[in-house]
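Note that the protein sequences, when read in sequence, are chains U and R.
Sequence positions in the first sequence follow UniProt numbering and run 1 to 431.
Sequence positions in the second sequence follow UniProt numbering and run 1 to 431.
Calculated from the structure, these hints are not laboratory results.
Hints are not guaranteed to be accurate.
Claimed, not checked - Here are the simulated DSSO-like cross-link-like pairs (lysine-lysine), alpha carbons at most 27 Å apart as the crow flies:
1. R/K102 with U/K90
2. U/K284 with U/K102
3. U/K102 with R/K90
4. U/K277 with U/K65
5. U/K380 with U/K284
6. R/K65 with R/K284
7. R/K380 with R/K314
8. R/K65 with U/K65
9. U/K270 with U/K304
Residue-level listing of the chains:
Number of protein chains: 2
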Amino acid sequence: MAVQTADTATPASTAAPDFGPAVALSCRECGERTPLGPVFACASCFGPLEVAYEFPTGDPEGLRKRIEAGPDNIWRYAPLLPVPIDVTDKPNLNPGFTKLVKADRLAAELGVTGGLFVKDDSGNPTHSFKDRVVAIAVEAARNFGLTTLSCSSTGNLAGAVGAAAVRAGFRSCVFIPHDLEAGKVVMAAVYGGDLVGIEGTYDDVNRFCSELIGDPIGEGWGFTNVNLRPYYGEGSKTLAYEICEQLGWRLPDNIIVPIASGSQLTKIDKGLQELIKLGLVEEKPYRIYGAQAEGCSPVSAAFKAGHDVVRPVKPDTIAKSLAIGNPADGPYVLDIARRTGGAVEDVNDEQVVAGIKLLARTEGIFAETAGGVTIGVLKKLIETGLLDPSEETVAINTGDGLKTLDAVAPTTGPTAVIRPSLDAFREAGLA
Amino acid sequence: MAVQTADTATPASTAAPDFGPAVALSCRECGERTPLGPVFACASCFGPLEVAYEFPTGDPEGLRKRIEAGPDNIWRYAPLLPVPIDVTDKPNLNPGFTKLVKADRLAAELGVTGGLFVKDDSGNPTHSFKDRVVAIAVEAARNFGLTTLSCSSTGNLAGAVGAAAVRAGFRSCVFIPHDLEAGKVVMAAVYGGDLVGIEGTYDDVNRFCSELIGDPIGEGWGFTNVNLRPYYGEGSKTLAYEICEQLGWRLPDNIIVPIASGSQLTKIDKGLQELIKLGLVEEKPYRIYGAQAEGCSPVSAAFKAGHDVVRPVKPDTIAKSLAIGNPADGPYVLDIARRTGGAVEDVNDEQVVAGIKLLARTEGIFAETAGGVTIGVLKKLIETGLLDPSEETVAINTGDGLKTLDAVAPTTGPTAVIRPSLDAFREAGLA
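Excised from the complex, chain U in its bound form (with noise of 0.2 Å):
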């Protein structure tokens, strides 16, 4: 086992706890609070918990320039995260505040005439948005006193957690299933902590872990997707706040969300409410859409049904980011889809890798797979009238395509390889 070195094994902080804002955890099923813990569900009902808040009101105009003038990172909203005020001081990745980039030429090619952005969260410190919710995590279990950092990961969360876990000074094992793309093993790898291959599906992997945390063994272990999952959650928050933020504080009529456990798209709903409630943006209707592969779609399966629940599925697809087959996070969605009046889609992998080509080759941006099933749900939801084109619409690349070069790599290389001469290059038909 790779033991850290003793300066970095005791990161917790000796001081008293402090959230900032967050007063309580409360379940999203009963309602009923519970204190601030590394616990994630409801004692009376099991139901989730989710982070409560009294937020400072009565002051937008104060709140927003407070944060403009805040770190380019998602600590810029630490007033409505639930990390203390002097957040910053900590060693962290900062992640956060990524472009937002206006998408002329993709608009112009799908014909959407209201205006379309991509959220590039590529451009996170570990090329995925997952460095946002490992960054509340970890301060999460610097208040709880916890030392070692962990996960069940379909890749991406498992470099987040490596990378973080190092920054922040803690220890790290993480878990994956043993058959993920090559690229996203060896950065969960490379930062020097455990790293786990679990035979078996990225569902397996969680339900393990579930058992760990319950063993003697996971005794100071922040699993940050489990037993921190209240707090982590809490990350997705800011993608909502930046994308408002950087359309001049006010809300897109559409955001297109990339469905795994469905959790960052419920975050994100949360964001855009208490950004309303604040006084931050001014309300008006706005839709929220889920985007899934069909490999696995169990949400876009229900929601087309018209059912409540969702049935589990075994995963088939290569957007092994999203390959939840059991999401938690799943009648949330299904909730927000149908209160906002959006929707969710899903499409095959071969439409995947047409959105990764199409927005690269119209943007100058290259997603993974993920970000593949997100443009290319855009497009289908145009093509079936379920988004209207002449609306503002923002879709989110959650993830970097050199993370899953294999969905593109068979179908991507060079037009031509030839010798050093002009000929040669004549001869290719290039001239």
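Got chain U sorted already, so can you dock chain R onto it with the hints?
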């Protein structure tokens, strides 16, 4: 040939060329001036041309405030670059203002007590510093009415040009050695421009591009690092500007820069000199160090031998992005290292891999091989007493580890692969 759509084929502005504060090209050898144009060699002495400016003077505080109020990318320094002041209105990848990471854990490991920072340019849009230089070359191409963007590349530049061309609306046709890392080849091709593999080394590719420029085929082509080289090179100045601004508008004691052509190092020195002359930082001594891989170390060899000229070599190193055997700016690098009291050093491939892993496990930054060279050389400079660990040092990571997975993949993988059970976990010795 991949022809782009009509609306992207006419990117050239019909307005008069506008290079902002740039007033001429000036020969580095004989000083003769020539009008701003797509030329790179002095007509009198064949010396390399660089951009000459008339900068605003007399109000450093006003200039500093103007910069600080600018966008979070290189265009905040538009008043110091050969670009029009409305550059932000034009589609571009908007690179730069990447993180300056305070590397306390790396410092502890290396015994640096004076402060150590990593300028992490893997945060750029295509994850290398090349986005900076290409962004400036794109604006020059617009000014000159060129329609095809091209380059000779060891990989990173090809991706940067491919992506920037798409965003800015140019056709692209880029040239690489045929045997590059898979990630770089896919990244160079995915944006849909033409990508040509050349059977030969980077130096062969470079010679071929020079031939192409002289041929009618090359009419209307902007080779970012050949006929647009004077503009392109200026992009590297922004690394110097950002480092000093992020340190609170002051010079560090030492900067370590990897050497391929040597251009980046010379332009960082130029940028520091400009900041001093403009009164944006207080003048004080600083040292610039160059880092090469042993398998392609012509500048390091010349430095150690006390030579003024650089003898070309045939590269053989895993640090392919630095594998330029005949570095154009080699002699200038020697001048700068000697003038500032720095040095040029090299490390072998094993030390490169160790450098990558050291940075990853101490700071959570996954660098490409060039970054491994820089960190390896930093370590060596301290061990050999050439760099004073009680001084403040900035090391530049120019690219992303996901692009050179092969370097670490053989020695980087899961700690264990197990069945999803607590018993299997215990048996693996990880509990």
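Hint numbers not upheld by this structure, sorted from lowest to highest: none
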